[in-house]
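**Student:** Sequence:
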Amino acid sequence: MRNIVFAGFMSILYACTPSSHSTEYSVSGVVSDSAANGKKIYILRYDDNQYIDSTVIEKNQFTFKGQVDTASYCRIDVDRGVYANFILENGDIRVDLQKHNQPSGTLLNEKVAQLALAEDSISELINRRGQEIREQCGDDERAFDSQMKEFIRQQRESVANKCADLYEGHWDDAFGYALLYSEFFDSTPLAQQKALIAKFGNWLKSTRAVQEISKKIEAQEKTAEGMPYTDITGTDADGKPIALSDFIGKGNYVLMDMWASWCGPCKGEIPNLARLHNQYKDKGLTVIGLFVWDKQENLKKAMESEGITWPQIVDEESKSTQVYGVDGIPHIILFSPDGTILKRNLRGDAMIKTVEEIMNRK
39 MRNIVFAGFM SILYACTPSS HSTEYSVSGV VSDSAANGKK IYILRYDDNQ
89 YIDSTVIEKN QFTFKGQVDT ASYCRIDVDR GVYANFILEN GDIRVDLQKH
139 NQPSGTLLNE KVAQLALAED SISELINRRG QEIREQCGDD ERAFDSQMKE
189 FIRQQRESVA NKCADLYEGH WDDAFGYALL YSEFFDSTPL AQQKALIAKF
239 GNWLKSTRAV QEISKKIEAQ EKTAEGMPYT DITGTDADGK PIALSDFIGK
289 GNYVLMDMWA SWCGPCKGEI PNLARLHNQY KDKGLTVIGL FVWDKQENLK
339 KAMESEGITW PQIVDEESKS TQVYGVDGIP HIILFSPDGT ILKRNLRGDA
389 MIKTVEEIMN RK
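Per the working numbering, residue 39 is the first one in the sequence shown, and the count goes up by one each step.
One should not assume that every hint holds.
[Claimed, not checked] Each pair of labels, with its calculated beta carbon distance range: (1) K103 x S343: 24 to 34 Å; (2) Q105 x Y219: 17 to 27 Å; (3) H138 x N98: 10 to 20 Å; (4) K319 x K237: 23 to 33 Å.
None of these hints come from the bench; they were simulated from the model.
The C-beta atom is built at its ideal place from N, Cα and C for all residues, glycine as well.
Can you make the complete structure from the sequences, with help from the hints?
**Tutor:** Below is the structure:
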(Lines of atoms letter the chains of each structure in order from A and count residues from 1; the text may use other names and numbers.)
(Lines give C-alpha, C1' and ligand atoms only; values in the text may rest on other atoms or scores of the structure.)
Protein backbone atom coordinates (compact mmCIF):
# COMPACT_ATOMS: atom_id res chain seq x y z
CA MET A 1 0.00 0.00 0.00
CA ARG A 2 2.64 2.50 1.03
CA ASN A 3 4.61 1.94 -2.18
CA ILE A 4 1.51 2.45 -4.32
CA VAL A 5 0.52 5.62 -2.52
CA PHE A 6 4.10 6.90 -2.52
CA ALA A 7 4.30 6.42 -6.27
CA GLY A 8 1.06 8.31 -6.68
CA PHE A 9 2.37 11.17 -4.58
CA MET A 10 5.61 11.41 -6.47
CA SER A 11 3.79 11.59 -9.79
CA ILE A 12 1.63 14.39 -8.43
CA LEU A 13 4.43 16.35 -6.83
CA TYR A 14 7.15 16.02 -9.41
CA ALA A 15 5.53 15.13 -12.73
CA CYS A 16 6.63 17.18 -15.70
CA THR A 17 3.49 19.02 -16.64
CA PRO A 18 2.76 21.75 -19.15
CA SER A 19 2.66 25.31 -17.92
CA SER A 20 0.13 27.75 -19.26
CA HIS A 21 0.68 31.38 -20.13
CA SER A 22 -2.65 31.76 -21.91
CA THR A 23 -4.89 34.70 -21.16
CA GLU A 24 -8.06 32.79 -22.06
CA TYR A 25 -9.48 29.34 -21.41
CA SER A 26 -10.82 26.71 -23.76
CA VAL A 27 -12.53 23.68 -22.19
CA SER A 28 -13.47 20.96 -24.65
CA GLY A 29 -14.73 17.40 -24.62
CA VAL A 30 -16.70 14.73 -26.44
CA VAL A 31 -20.19 13.43 -25.67
CA SER A 32 -20.85 9.86 -26.83
CA ASP A 33 -24.66 10.10 -26.81
CA SER A 34 -25.96 11.79 -29.97
CA ALA A 35 -29.21 12.56 -28.15
CA ALA A 36 -27.28 15.26 -26.29
CA ASN A 37 -26.73 17.28 -29.47
CA GLY A 38 -28.40 20.66 -29.18
CA LYS A 39 -28.43 20.45 -25.40
CA LYS A 40 -27.13 23.39 -23.40
CA ILE A 41 -24.58 22.51 -20.74
CA TYR A 42 -22.96 24.54 -17.99
CA ILE A 43 -19.81 24.93 -15.94
CA LEU A 44 -20.64 24.83 -12.22
CA ARG A 45 -18.20 26.39 -9.77
CA TYR A 46 -18.13 24.27 -6.63
CA ASP A 47 -17.43 26.84 -3.97
CA ASP A 48 -20.43 29.11 -4.53
CA ASN A 49 -22.54 26.58 -6.48
CA GLN A 50 -22.91 29.05 -9.35
CA TYR A 51 -23.09 28.42 -13.09
CA ILE A 52 -20.39 30.55 -14.65
CA ASP A 53 -20.43 29.58 -18.34
CA SER A 54 -22.57 27.70 -20.84
CA THR A 55 -22.35 26.25 -24.33
CA VAL A 56 -24.27 23.96 -26.67
CA ILE A 57 -23.28 20.41 -27.66
CA GLU A 58 -22.87 20.13 -31.42
CA LYS A 59 -21.81 17.03 -33.37
CA ASN A 60 -21.12 15.24 -30.08
CA GLN A 61 -18.60 17.88 -29.04
CA PHE A 62 -18.54 20.97 -26.88
CA THR A 63 -16.17 23.84 -26.21
CA PHE A 64 -16.33 26.57 -23.58
CA LYS A 65 -14.30 29.73 -24.15
CA GLY A 66 -13.66 32.65 -21.85
CA GLN A 67 -11.27 34.23 -19.40
CA VAL A 68 -10.76 33.95 -15.64
CA ASP A 69 -8.68 35.98 -13.22
CA THR A 70 -8.57 33.23 -10.58
CA ALA A 71 -8.56 29.47 -11.17
CA SER A 72 -11.41 27.54 -9.54
CA TYR A 73 -12.50 23.93 -9.07
CA CYS A 74 -15.49 23.24 -11.32
CA ARG A 75 -17.76 20.60 -12.80
CA ILE A 76 -19.51 19.98 -16.12
CA ASP A 77 -22.69 17.89 -16.02
CA VAL A 78 -24.23 16.48 -19.19
CA ASP A 79 -26.40 13.78 -17.65
CA ARG A 80 -26.51 11.54 -14.60
CA GLY A 81 -23.15 9.74 -14.47
CA VAL A 82 -21.82 11.82 -17.36
CA TYR A 83 -19.74 14.61 -15.84
CA ALA A 84 -16.23 15.92 -15.37
CA ASN A 85 -14.42 17.65 -12.51
CA PHE A 86 -11.62 20.00 -13.46
CA ILE A 87 -9.88 23.24 -12.60
CA LEU A 88 -11.01 26.16 -14.71
CA GLU A 89 -7.92 28.21 -15.49
CA ASN A 90 -6.68 29.99 -18.57
CA GLY A 91 -5.27 27.51 -21.09
CA ASP A 92 -6.43 24.67 -23.33
CA ILE A 93 -8.21 22.09 -21.16
CA ARG A 94 -9.59 18.71 -22.20
CA VAL A 95 -12.08 16.83 -20.03
CA ASP A 96 -13.23 13.21 -20.15
CA LEU A 97 -16.90 12.83 -19.25
CA GLN A 98 -16.57 9.09 -18.72
CA LYS A 99 -13.53 9.12 -16.42
CA HIS A 100 -14.82 12.18 -14.52
CA ASN A 101 -11.52 13.18 -12.88
CA GLN A 102 -9.00 13.00 -15.72
CA PRO A 103 -8.68 16.55 -17.10
CA SER A 104 -5.56 17.48 -19.03
CA GLY A 105 -3.81 20.35 -20.74
CA THR A 106 -2.77 22.65 -17.89
CA LEU A 107 -0.52 22.34 -14.87
CA LEU A 108 -3.23 22.20 -12.22
CA ASN A 109 -5.45 19.86 -14.22
CA GLU A 110 -2.63 17.40 -14.75
CA LYS A 111 -2.24 17.35 -10.97
CA VAL A 112 -5.98 16.72 -10.51
CA ALA A 113 -5.71 13.74 -12.86
CA GLN A 114 -2.70 12.32 -11.01
CA LEU A 115 -4.51 12.78 -7.70
CA ALA A 116 -7.47 10.79 -8.99
CA LEU A 117 -5.20 7.98 -10.18
CA ALA A 118 -3.58 7.79 -6.75
CA GLU A 119 -7.02 7.58 -5.12
CA ASP A 120 -8.07 4.87 -7.56
CA SER A 121 -5.00 2.81 -6.69
CA ILE A 122 -5.94 3.01 -3.01
CA SER A 123 -9.49 1.84 -3.72
CA GLU A 124 -8.25 -1.02 -5.89
CA LEU A 125 -5.86 -2.17 -3.17
CA ILE A 126 -8.59 -2.09 -0.52
CA ASN A 127 -10.90 -4.09 -2.78
CA ARG A 128 -8.22 -6.69 -3.47
CA ARG A 129 -7.36 -6.98 0.20
CA GLY A 130 -11.05 -7.26 1.01
CA GLN A 131 -11.36 -10.25 -1.30
CA GLU A 132 -8.33 -11.88 0.34
CA ILE A 133 -9.74 -11.32 3.82
CA ARG A 134 -13.11 -12.68 2.72
CA GLU A 135 -11.45 -15.87 1.48
CA GLN A 136 -9.58 -16.21 4.78
CA CYS A 137 -12.60 -15.53 7.01
CA GLY A 138 -15.28 -17.31 5.02
CA ASP A 139 -18.67 -16.81 6.69
CA ASP A 140 -17.20 -15.37 9.89
CA GLU A 141 -18.61 -11.84 9.51
CA ARG A 142 -17.21 -10.63 12.81
CA ALA A 143 -13.66 -11.61 11.87
CA PHE A 144 -14.08 -10.14 8.38
CA ASP A 145 -15.39 -6.81 9.72
CA SER A 146 -12.64 -6.60 12.33
CA GLN A 147 -9.80 -7.28 9.89
CA MET A 148 -11.20 -5.00 7.20
CA LYS A 149 -11.68 -2.11 9.62
CA GLU A 150 -8.12 -2.45 10.86
CA PHE A 151 -6.73 -2.63 7.32
CA ILE A 152 -8.71 0.43 6.22
CA ARG A 153 -7.62 2.29 9.38
CA GLN A 154 -3.97 1.62 8.53
CA GLN A 155 -4.41 2.79 4.94
CA ARG A 156 -6.24 5.95 5.97
CA GLU A 157 -3.44 6.72 8.40
CA SER A 158 -0.84 6.21 5.68
CA VAL A 159 -2.77 8.42 3.26
CA ALA A 160 -3.31 11.14 5.85
CA ASN A 161 0.40 11.32 6.62
CA LYS A 162 1.05 12.37 3.02
CA CYS A 163 -1.56 15.13 2.81
CA ALA A 164 0.80 17.91 3.88
CA ASP A 165 3.23 16.85 1.13
CA LEU A 166 0.51 17.36 -1.46
CA TYR A 167 -0.20 20.86 -0.22
CA GLU A 168 3.38 22.04 -0.65
CA GLY A 169 3.25 24.76 -3.29
CA HIS A 170 -0.57 24.77 -3.27
CA TRP A 171 -1.50 26.51 -0.03
CA ASP A 172 -3.55 29.13 -1.84
CA ASP A 173 -4.64 27.84 -5.24
CA ALA A 174 -7.37 25.78 -6.91
CA PHE A 175 -5.46 22.50 -6.58
CA GLY A 176 -5.30 23.10 -2.84
CA TYR A 177 -9.07 23.58 -2.99
CA ALA A 178 -9.54 20.35 -4.99
CA LEU A 179 -7.58 18.47 -2.33
CA LEU A 180 -10.33 19.31 0.16
CA TYR A 181 -12.57 16.85 -1.72
CA SER A 182 -9.96 14.09 -1.82
CA GLU A 183 -9.45 10.93 0.19
CA PHE A 184 -6.15 12.40 1.37
CA PHE A 185 -7.76 15.32 3.18
CA ASP A 186 -10.78 13.31 4.31
CA SER A 187 -8.50 10.71 5.93
CA THR A 188 -6.59 13.38 7.84
CA PRO A 189 -7.49 13.65 11.57
CA LEU A 190 -9.14 16.86 12.73
CA ALA A 191 -6.07 18.20 14.52
CA GLN A 192 -3.99 17.82 11.35
CA GLN A 193 -6.75 19.33 9.19
CA LYS A 194 -6.78 22.33 11.50
CA ALA A 195 -3.00 22.66 11.22
CA LEU A 196 -3.20 22.49 7.42
CA ILE A 197 -5.92 25.15 7.28
CA ALA A 198 -3.78 27.44 9.44
CA LYS A 199 -1.18 27.41 6.64
CA PHE A 200 -3.67 28.19 3.86
CA GLY A 201 -3.42 31.53 2.09
CA ASN A 202 -6.10 34.20 2.36
CA TRP A 203 -7.96 33.14 -0.78
CA LEU A 204 -8.26 29.48 0.19
CA LYS A 205 -9.23 30.36 3.76
CA SER A 206 -12.00 32.61 2.41
CA THR A 207 -13.67 29.87 0.36
CA ARG A 208 -17.00 28.52 1.54
CA ALA A 209 -15.63 24.97 1.65
CA VAL A 210 -12.82 25.85 4.06
CA GLN A 211 -15.13 27.94 6.21
CA GLU A 212 -17.56 25.01 6.46
CA ILE A 213 -14.75 22.60 7.31
CA SER A 214 -13.51 25.00 9.98
CA LYS A 215 -16.99 25.19 11.49
CA LYS A 216 -17.22 21.38 11.50
CA ILE A 217 -13.84 21.10 13.21
CA GLU A 218 -14.91 23.64 15.84
CA ALA A 219 -18.19 21.77 16.40
CA GLN A 220 -16.41 18.43 16.75
CA GLU A 221 -13.93 19.92 19.20
CA LYS A 222 -16.79 21.25 21.34
CA THR A 223 -18.53 17.86 21.25
CA ALA A 224 -15.47 15.62 21.44
CA GLU A 225 -15.19 12.65 23.78
CA GLY A 226 -14.90 13.96 27.33
CA MET A 227 -16.86 17.14 26.62
CA PRO A 228 -20.34 17.87 28.04
CA TYR A 229 -23.33 17.24 25.80
CA THR A 230 -25.02 20.01 23.84
CA ASP A 231 -28.80 19.86 23.97
CA ILE A 232 -30.92 19.00 20.94
CA THR A 233 -34.58 19.86 20.55
CA GLY A 234 -37.18 18.54 18.15
CA THR A 235 -40.41 16.57 18.09
CA ASP A 236 -41.20 12.96 18.93
CA ALA A 237 -42.91 10.42 16.70
CA ASP A 238 -46.27 12.05 17.46
CA GLY A 239 -45.05 15.57 16.74
CA LYS A 240 -44.79 16.65 20.38
CA PRO A 241 -41.80 18.67 21.68
CA ILE A 242 -38.89 16.59 22.96
CA ALA A 243 -35.21 17.18 23.76
CA LEU A 244 -32.02 15.25 24.45
CA SER A 245 -32.07 16.81 27.93
CA ASP A 246 -35.26 14.85 28.62
CA PHE A 247 -33.05 11.75 28.77
CA ILE A 248 -29.74 13.08 30.09
CA GLY A 249 -29.35 13.37 33.87
CA LYS A 250 -31.96 10.73 34.66
CA GLY A 251 -29.45 8.19 35.95
CA ASN A 252 -29.01 6.23 32.71
CA TYR A 253 -26.36 6.06 30.06
CA VAL A 254 -27.80 7.32 26.76
CA LEU A 255 -26.99 5.82 23.36
CA MET A 256 -28.10 8.23 20.62
CA ASP A 257 -28.36 7.06 17.00
CA MET A 258 -28.39 9.74 14.29
CA TRP A 259 -30.18 8.18 11.31
CA ALA A 260 -32.64 8.59 8.41
CA SER A 261 -35.23 6.35 6.77
CA TRP A 262 -33.41 6.37 3.41
CA CYS A 263 -30.01 5.42 4.87
CA GLY A 264 -29.03 1.78 4.25
CA PRO A 265 -26.08 1.69 6.68
CA CYS A 266 -28.37 3.23 9.33
CA LYS A 267 -30.78 0.34 8.92
CA GLY A 268 -27.84 -2.03 9.21
CA GLU A 269 -27.18 -0.77 12.75
CA ILE A 270 -30.78 -1.16 13.95
CA PRO A 271 -30.42 -4.86 14.93
CA ASN A 272 -27.37 -3.91 17.03
CA LEU A 273 -29.28 -1.09 18.69
CA ALA A 274 -32.25 -3.38 19.31
CA ARG A 275 -29.96 -5.92 20.94
CA LEU A 276 -28.54 -3.31 23.32
CA HIS A 277 -31.97 -1.82 23.98
CA ASN A 278 -33.47 -5.18 24.91
CA GLN A 279 -30.45 -6.24 26.94
CA TYR A 280 -29.98 -3.08 29.01
CA LYS A 281 -33.22 -1.05 28.94
CA ASP A 282 -33.92 -2.06 32.54
CA LYS A 283 -30.28 -1.98 33.60
CA GLY A 284 -29.34 1.67 33.09
CA LEU A 285 -29.17 2.25 29.32
CA THR A 286 -31.56 4.39 27.28
CA VAL A 287 -31.41 4.07 23.50
CA ILE A 288 -32.84 6.99 21.50
CA GLY A 289 -32.93 7.88 17.82
CA LEU A 290 -32.17 11.28 16.32
CA PHE A 291 -33.96 11.52 12.97
CA VAL A 292 -32.03 13.87 10.66
CA TRP A 293 -31.97 14.81 6.96
CA ASP A 294 -35.49 13.41 6.73
CA LYS A 295 -39.15 14.34 7.23
CA GLN A 296 -41.38 13.83 10.27
CA GLU A 297 -43.91 12.06 8.06
CA ASN A 298 -41.40 9.31 7.22
CA LEU A 299 -40.57 8.38 10.80
CA LYS A 300 -43.51 6.22 11.89
CA LYS A 301 -43.44 4.10 8.75
CA ALA A 302 -39.69 3.56 9.19
CA MET A 303 -40.14 2.65 12.86
CA GLU A 304 -42.79 0.09 12.00
CA SER A 305 -40.86 -1.49 9.13
CA GLU A 306 -37.63 -1.69 11.15
CA GLY A 307 -39.23 -2.73 14.46
CA ILE A 308 -37.96 0.32 16.35
CA THR A 309 -39.50 0.75 19.80
CA TRP A 310 -37.17 3.27 21.44
CA PRO A 311 -37.85 7.04 21.62
CA GLN A 312 -37.12 9.34 18.69
CA ILE A 313 -36.19 13.00 18.31
CA VAL A 314 -37.05 14.41 14.89
CA ASP A 315 -34.72 17.24 13.83
CA GLU A 316 -36.19 18.23 10.48
CA GLU A 317 -33.83 21.18 10.11
CA SER A 318 -30.91 18.89 11.00
CA LYS A 319 -29.31 21.57 13.18
CA SER A 320 -27.94 18.82 15.40
CA THR A 321 -25.62 17.65 12.62
CA GLN A 322 -24.01 21.09 12.60
CA VAL A 323 -23.86 21.27 16.40
CA TYR A 324 -22.09 17.91 16.61
CA GLY A 325 -20.05 18.35 13.40
CA VAL A 326 -21.59 15.32 11.68
CA ASP A 327 -21.45 14.97 7.89
CA GLY A 328 -22.42 11.32 7.57
CA ILE A 329 -24.84 8.88 9.16
CA PRO A 330 -25.28 6.65 11.04
CA HIS A 331 -23.43 8.49 13.77
CA ILE A 332 -23.95 6.95 17.19
CA ILE A 333 -22.90 8.70 20.41
CA LEU A 334 -22.75 7.32 23.95
CA PHE A 335 -23.37 9.75 26.83
CA SER A 336 -22.68 9.12 30.50
CA PRO A 337 -25.52 9.67 33.01
CA ASP A 338 -24.24 13.21 33.67
CA GLY A 339 -24.15 14.08 29.97
CA THR A 340 -20.44 13.66 29.30
CA ILE A 341 -19.72 12.40 25.79
CA LEU A 342 -18.02 9.03 26.27
CA LYS A 343 -17.75 7.74 22.70
CA ARG A 344 -18.57 9.03 19.23
CA ASN A 345 -19.13 7.33 15.90
CA LEU A 346 -19.80 3.89 17.36
CA ARG A 347 -20.67 1.13 14.89
CA GLY A 348 -21.31 -2.60 14.76
CA ASP A 349 -19.40 -5.01 16.99
CA ALA A 350 -17.23 -2.21 18.37
CA MET A 351 -20.36 -0.43 19.61
CA ILE A 352 -21.74 -3.58 21.22
CA LYS A 353 -18.41 -4.34 22.89
CA THR A 354 -18.03 -0.77 24.19
CA VAL A 355 -21.54 -0.61 25.63
CA GLU A 356 -21.35 -4.09 27.15
CA GLU A 357 -18.04 -3.30 28.86
CA ILE A 358 -19.44 -0.11 30.38
CA MET A 359 -22.76 -1.60 31.44
CA ASN A 360 -21.14 -4.70 32.94
CA ARG A 361 -18.86 -2.50 35.08
CA LYS A 362 -21.84 -0.96 36.83
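**Student:** Each of the hints needs a verdict: does it hold here or not?
**Tutor:** Evaluation of the provided hints:
no., hint, verdict
1, K103 x S343: 24 to 34 Å, "53 Å, violated"
2, Q105 x Y219: 17 to 27 Å, "25 Å, holds"
3, H138 x N98: 10 to 20 Å, "18 Å, holds"
4, K319 x K237: 23 to 33 Å, "49 Å, violated"
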